[in-house]
Each structure stands twice: as structure tokens, then as C-alpha cells.
Amino acid sequence: MRKLVIAISMLAFAGSAAFADPILDRQALMKERGKIVGGLSKVAKGEEPFDATAVLTQLQALQANAEKFDVDALFPKGSDTGDTTAGPKIWEDTAGFKAVEDKYLANVKAAVAGAPADVDALKAQVGAIGSDCGTCHQGYRIKKS
Amino acid sequence: MAWLKKLVGAALILGGVGAAGGWLLSAPVKLDTAALAQLGPGDAARGKRIFYAGGCTSCHAKPGSQGEARLQLVGGLQLKTPFGTFVPPNISQDPKDGIGAWSVEDLANAMLKGVSPSGEHFYPAFPYASYARMKPSDIADLYAFLKTLPAVAGKAPPNSLGFPFNIRRGIGLWKRLYLSDQPVVALADGAPDPVVAGRYLVEGPGHCGECHTPRDLAGGTKKSEWLAGAVAAEGSGVVPNITSGEGGIGSWSASDIANYLETGFTPDFDSVGGAMVDVQRNMAELTSEDRAAIAAYLKAVPPHPNGYPARKPAAN
Chain A
1 MRKLVIAISM
11 LAFAGSAAFA
21 DPILDRQALM
31 KERGKIVGGL
41 SKVAKGEEPF
51 DATAVLTQLQ
61 ALQANAEKFD
71 VDALFPKGSD
81 TGDTTAGPKI
91 WEDTAGFKAV
101 EDKYLANVKA
111 AVAGAPADVD
121 ALKAQVGAIG
131 SDCGTCHQGY
141 RIKKS
Chain B
146 MAWLKKLVGA
156 ALILGGVGAA
166 GGWLLSAPVK
176 LDTAALAQLG
186 PGDAARGKRI
196 FYAGGCTSCH
206 AKPGSQGEAR
216 LQLVGGLQLK
226 TPFGTFVPPN
236 ISQDPKDGIG
246 AWSVEDLANA
256 MLKGVSPSGE
266 HFYPAFPYAS
276 YARMKPSDIA
286 DLYAFLKTLP
296 AVAGKAPPNS
306 LGFPFNIRRG
316 IGLWKRLYLS
326 DQPVVALADG
336 APDPVVAGRY
346 LVEGPGHCGE
356 CHTPRDLAGG
366 TKKSEWLAGA
376 VAAEGSGVVP
386 NITSGEGGIG
396 SWSASDIANY
406 LETGFTPDFD
416 SVGGAMVDVQ
426 RNMAELTSED
436 RAAIAAYLKA
446 VPPHPNGYPA
456 RKPAAN
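Protein chains in written order, with my numbering: chain A, 1 to 145; chain B, 146 to 461.
Excised from the complex, chain B in its bound form (with noise of 0.2 Å):
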């Protein structure tokens, strides 16, 4: 946890810079007219695709809901990091307590630049630094698809963060660090179109790297690390490599990768566990053409060793 305090360290200069003169900068970015431009009209159908890949219900639904249940966005969970605690806030339709009364423009603004309707930022701990890489018309799909879903009154409870946390204003300065629409593996030309297609799901949407890679001192992802692993935000465990370095997921065939997104069992027939569970549930939702995407650009990232400290040896 020592890069936590690091961290922390980090966040505090950060805070006092933007106090000092960091005004402008930290600034809230809206979307430009160009990129509102390519919105489209949006497909229902198409955007239950999005909204599992994106894995919305996971955070949004009420805490250990299941089946239709996980349809409910109502919000509520909590996310017990160092930081303090996130509480994912009511989505659903209705308008008063959760976005019914959005427009398309205003979940695009969310979920690209991470500005609420009223001009906040939003905290990263709603993934929209992987969400920035998605395509404005998968915005509007995944819009049409909830607009489908049903509103249920209840606010959640808000975020519990210490100073300097609490201060969102700071985010902006973090944002241009870290808010970028660009992939993060750059592929040759000619790469498998699978492999392009998994680097989007992955990349945008999927929002792998936001657990499954370690985090730099001012708390944005390691590009040089990229989905190497690292210690969970919450808890005491990590979260697995999933590159092919050591001890990764080398060993593992694209067939292997793709049969436990659908099933939740490894190739050695462990299954999966934690956080990854309801994740898992999401992807069995997708195509089979889309979890081979995902296998496929997972075999092709730069092999990395774990992201996280060797564990310790058991003190007895």
C-alpha cells in the first residue's frame, strides 16, 4: 500500500497547485460540437451489447441482485478504496433520482469526458478514462437501450471522501493527464480484425485495465504496465495479469480465454472469483464473436510480469 500514500502524497501537491493557480485548467470539458455530430439515433438492440461490455449493472444495480433484478440500476454500492468510499448513484429512468431526464448529450458528456449534466466532473472511480475511448454512436445506442430499462425511485447515498479528495474541481488537472480518446497498445497495420475489435471492447467499453493494471503515483493507469495485474482498490487481494508475461495468462489459449468469459471456469477448472464474478456474468451476455475479440487482443498485448509485489511468505 506504500504507492497509496505515494499517492496520496501526489493528490495533495496536485490539490495545492490547483488551489494556487490551477483554475483554468481544472476546468470540466464538454464534448465538441464534432464529436456530438456523430451521436446518431441510436438502436436499442445494439446497445444491450454496450451496456454488458461496459458492464454498467455491475456497479449501478443494487448490491447482490440477480438475474432481472440486475436491471435495476438503482445504485448504492459501496467502493471501499483509500481514497474513501464511492457510491455508484441511481442510473435508471427515473427522472428525479436517476437520468431519465437525460438527453443523449448528456450521458455522452458523462461517459467520454466525465461531466455531469450541471458541469461537474465526474469521479474516475465511474471508469471513464477507459469510456473516452468508445464511439459516440455506441453512446447513443447504449442511451436507446436504457431508456428501455425501468426507473426506480431512491437516491444513494453520496461519496465519502477526505480532503483532498472531496474537492472535485481537482479531477480536471487529473483528467489532462489522464483523459485521452487514443487506444493504449498500438497495432501494426493489417492487424487481425479481431484483435482491433477486442482492443476496442477491452480498451473502451470493457474498461479491463481499470482494475487489472497498476496505478501511477497521481492514481492513473500504468501504460507501461498494461493489464500486468495489480493489488485490488478494495481489499487485500489482487487482481490477476492477464497479459502472457510471467506469471500471467500465457498458458492460456485464446479458446481457454474465450470459454471462461462464457463459463467462469479456467482452464484447470478453478472458477472465477470476486469482483470478476459479476464481470464474467456480463461477458457470458456477448457474442461468442466478441469474447474470441477479447481472447484475441489479450494474446497480442505486450507480455509484462506481475504488476503487483510478490506475496509475502505467510506469517505463522
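Okay, chain A solo, but in the shape it has when bound (with noise of 0.2 Å):
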């Protein structure tokens, strides 16, 4: 009997693990986006050196990262309790949400297109994409600690 208990708990535990966190994986999809936008703006800011390959490989990461950004598998009803610094607008205004995330990837996509070819045309893109960043922080996210 008791062998039983344990095995359903295990069973249980492996279950509930096997189901993703949304939570845990919006944040994932976060810091790697900031680690990305913090090595262009490394370059940016001309603390790095310029190398325009190096630069579009990075473009492209972030790319793809805005790409997997589905708000509806992310932002699921529910998942604004817990360890989370969503705010409340985002189900209250999921369309406007979404709005901010789809004019954030227009941004990174017109980088990679334009496949900066200096310091200064970097610069302007990072500028657009963070305020990107703000525009969705500002009315998306609530600090809470």
C-alpha cells in the first residue's frame, strides 16, 4: 500500500513536470532575449568591437526568439498568480499586448533585414527595439520586489 502511495505521488510529480510552466518558460524566453539585446547594445555603445557578421548571427537569435513569443501558450488564463511579474492588463487587454509583441518583432525582423553595416546603424536599431522594451514594460509588467 504504501509503495503504491509513493508510486501515484511519483507518478503525479513526473506529470505535473511534464506539463510545461508558462510562467517558467515566458521567463526563459525573457532572459535570453535580454542576454542577446545586451550583447548588440555592448557593441552599440562601442564597448565591444563592430563585427557585422557577428552582429547579424545575433539579430538572428533574437529573431527567432521573438518569433517563439506565442502570447497564447504563454500568457495562459491563470497564469497571472505566483512567481510572476505579469500585469493584469496583459488579459485585460490582450489585443493591445499583442500589438506591442507584433511591432517588436517588425522592429528586430527590419534589423536583420537591414543587416547593419556599422556602429551608428546599429545603434539606431537597438534604440528602436529598446523602446520596444519600455513601451511593453511600461504598461505590461509590475515590479513587485
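In case anyone wonders, no lab produced these hints; they're calculated from the structure.
Honestly, I wouldn't trust all of these hints.
Distance condition first, Cα-Cα at most 16 Å in a straight line; then the derived EDC-like pairs of lysine to aspartate or glutamate [unchecked claim]:
| hint | chain 1 | residue 1 | chain 2 | residue 2 |
| --- | --- | --- | --- | --- |
| 1 | A | K98 | A | D132 |
| 2 | A | K42 | B | D413 |
| 3 | A | K144 | B | D415 |
| 4 | A | K42 | B | D401 |
| 5 | A | K77 | A | E92 |
| 6 | A | K123 | B | E407 |
| 7 | A | K31 | B | D413 |
| 8 | A | K89 | B | E379 |
| 9 | A | K42 | B | E407 |
| 10 | A | K143 | B | E379 |
| 11 | A | K45 | B | E407 |
| 12 | A | K45 | B | D413 |
| 13 | A | K42 | B | D415 |
| 14 | A | K144 | B | E379 |
| 15 | A | K45 | B | D401 |
Two chains, two frames, some hints: make the complex.
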């Protein structure tokens, strides 16, 4: 009996682990996004040398990251509580949230298509992307600690 | 939000005292002639810097404005606080709906004393408790710059406040407690120039302490926890600790702070968020010297642990 209980609870544990946690998933995506933008920003500021090929690779990684940002899958109803800084406006105004995300994706795609040839070009693109970060975090994120 | 309840209680008591015998004490006080004499002629180019340092457009532009529209100061934002809803008014150059008919003295009395041209108190949601530390000559420069901005017709709706906060006269007592033109952080003689310049920008026009400092029972900023972070007046979040104390930004270098104000990126490449987004856009309009001064001051202020309670564990 005891073994059975343990077996069931282990199964239950495995089952819940198999369903990915949307909060952790979206946080992982945002962390990756921040890391890529951080690398690009260092180049834009002149702290690291400009290498057109390396920059383009990073921008492509940023686009891949942005394309993985599926709002419906990552922000299901009920994922507004727990260890999250997602603001209630995400669910109150999902269309607006998606529009900001789409604008961000469009700017990232434009940066990839533009393939910046020098630091100034990159700087302008990082500036536009950074402004999108702020626009979304202005209304759709609530800092709690 | 317990402090807010206490605050409401304290304000009720203050209101009662005001009604009973505080009529004289609560009278609006305008600037004296000596202060008005320091206004000077005013310069619009210099005033543009003060306009962005002061963050006027964050509250007075139509909500959600971008680019040039941020210079149309028509008002109408709704600041939903536990006191009620404050609505920043039209401060465009429209003579009827805005402040186009104001004199420079009117603007100085509003910003340095929180008194309207008709002699009424403004609510301190208009952060004159910080602006009071500004130099009169900067107000004259700001006035000259505001004159270059468009007139936009249209009155913003009035504030919607419950009793006793709807009694303007009571603010006179509040001012006796909290309105001062003196700096918050005392600096030693010979403090570096950027620190002194940064103190002026942060404590005066920048009014950073209005959101980043917790408030006491009567709604004044707690100078003993200056810039330690606070529960946000609006919504359910917190405003970060920007001292070097625990939970604050001690790990940020001065250039990290200046870069954040310019680009909106934190040292670990998170981005600016919440109400700070508009503030950062204003700070990006300043010179790198001004941003470096703000950073130098923030590195020099006394460190405090977080001025807001630790986050409760998630209720699952």
C-alpha cells in the first residue's frame, strides 16, 4: 500500500513536471532576449568591437526568440498569479499586448533585413528595439520586489 | 496598504484640526518680493532642459502620447490613488483652458509654493514639494520654454476625491509640515560639483523622491528613508530602492545609472518599466553631464534597506 502511494505520488509529480510551466517558459524567453540585446548593446556603445557577421547572427537569434513568443501559449488564463511580474493588463487588453509584441517583432525583423553595416546603424536599431521593451514593460509588467 | 489607512486617519484628524482652528495656519502663502526678484528674464533654450528634467509632459500630455504629441500639454491623465483620482490639468498655452494667460510670477507661485493664480492650494500630486527646491531663475527659463509650446483647447475633467481630501484648504497645514526649499541630503563642504548638481536635479525638478521614497502617516516623504523605494501610489507594484542599501542599486556603477537613464537598459539588460518609462524618455533628453550628475548624487546618498515590505509568498 505504502509503495503504491509513493508510486502514485511519483507519477503525479512526473506528470506535473511534464506539463511545462508557462511562467517559467516565458521568463526563460525574456532572459534569453535580454542577454542577446545586452550583447548587441555593448557593441552599439562601443564597448566591444563591431563585427557585421557576428551582429547579424545575434540579430537572427533575437528574431528566433521573438518568433517563439506565442502569447496564447505563454500567457494562458490563470497564469497571472504566482511568481510572476506579468501585469493584469495582459489579460484585460490582450489585443493591445499582442500589438506591442508584433511591433517589437517587426522592428527585430527590420534590423535583420537591414543587416547593420556599422556601429551607427546598429545603434539606431538597438534604440528602436529598446523603446519597444520599454513600451511593453510600461503597461504590461508590474514590479513587485 | 496599512499605511494608507493610517494616513487617511491622520488626514481626518488634520482636517478636523483645520476646521476647528487652523483657518489662519492653512492660508495659501505666495512668494515674497525677494524671491520674485530672482526670477530674471528667462531663456527658452535653457528652459527646455528644465522641462525635461521636471517631467512635465509625463503627466500633462494626453495619455499615451508619443513624439511631438508629448508637447501638447492638454492634461487628462488619471492618477488613481487611494485618496481618489487626480487629473493633471491642461497646462498648454491656451489662454482659457490652459495657462496661456499666466504670468511668470503665477508659474513661480504654482511650482514653488503650490498656490494657483486665484490663491488656492494645489494638491501635492503636483509635485511642488520637490519643485520648491528649484531656483526661481529656472522657473523663469521654464516659463519661456512653455511659451514656445502649442495652445491646445479642452479642459481635463476635475479631480474626483472623497472627503476630507476634497477640502483644498487643508493642504495649507500639510504644507507647513512638508514644504521646504532646503535640500534633503546634507553634503559636506567641498562635495564634488557633479554630486551637488545631481542633488539639485534629483531633489528639485526631477522630483524622484515623490515616487521612490516611502511616505509617513500624513503623506509626506520620509526623509529618513530617502529614495529607499516605496509601495507604488498607483496599482499594486513597488517603486525600486535607488540607494546603495540592501535591495537597492549598490551594484550599479555611476556609468550604469547614467546609461540606464539614457537607454532604458539596466546593467543586466532588463529594460525600464512602469511609470519610469516616461521618466527615462525625459532623462534621455538631458545632456550626458546632467545624467552623470544624477548618477553621482545617487551613489552619494545615504544607503537604506528597501522602504517597502518584503514580497509575500505567492498564494497558491
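Hints, verified against the model:
no. : hint                 : verdict
1   : K98(A) with D132(A)  : holds, 12 Å
2   : K42(A) with D413(B)  : holds, 11 Å
3   : K144(A) with D415(B) : holds, 15 Å
4   : K42(A) with D401(B)  : holds, 12 Å
5   : K77(A) with E92(A)   : holds, 11 Å
6   : K123(A) with E407(B) : holds, 13 Å
7   : K31(A) with D413(B)  : holds, 10 Å
8   : K89(A) with E379(B)  : holds, 14 Å
9   : K42(A) with E407(B)  : holds, 14 Å
10  : K143(A) with E379(B) : holds, 12 Å
11  : K45(A) with E407(B)  : holds, 11 Å
12  : K45(A) with D413(B)  : holds, 15 Å
13  : K42(A) with D415(B)  : holds, 14 Å
14  : K144(A) with E379(B) : holds, 13 Å
15  : K45(A) with D401(B)  : holds, 12 Å
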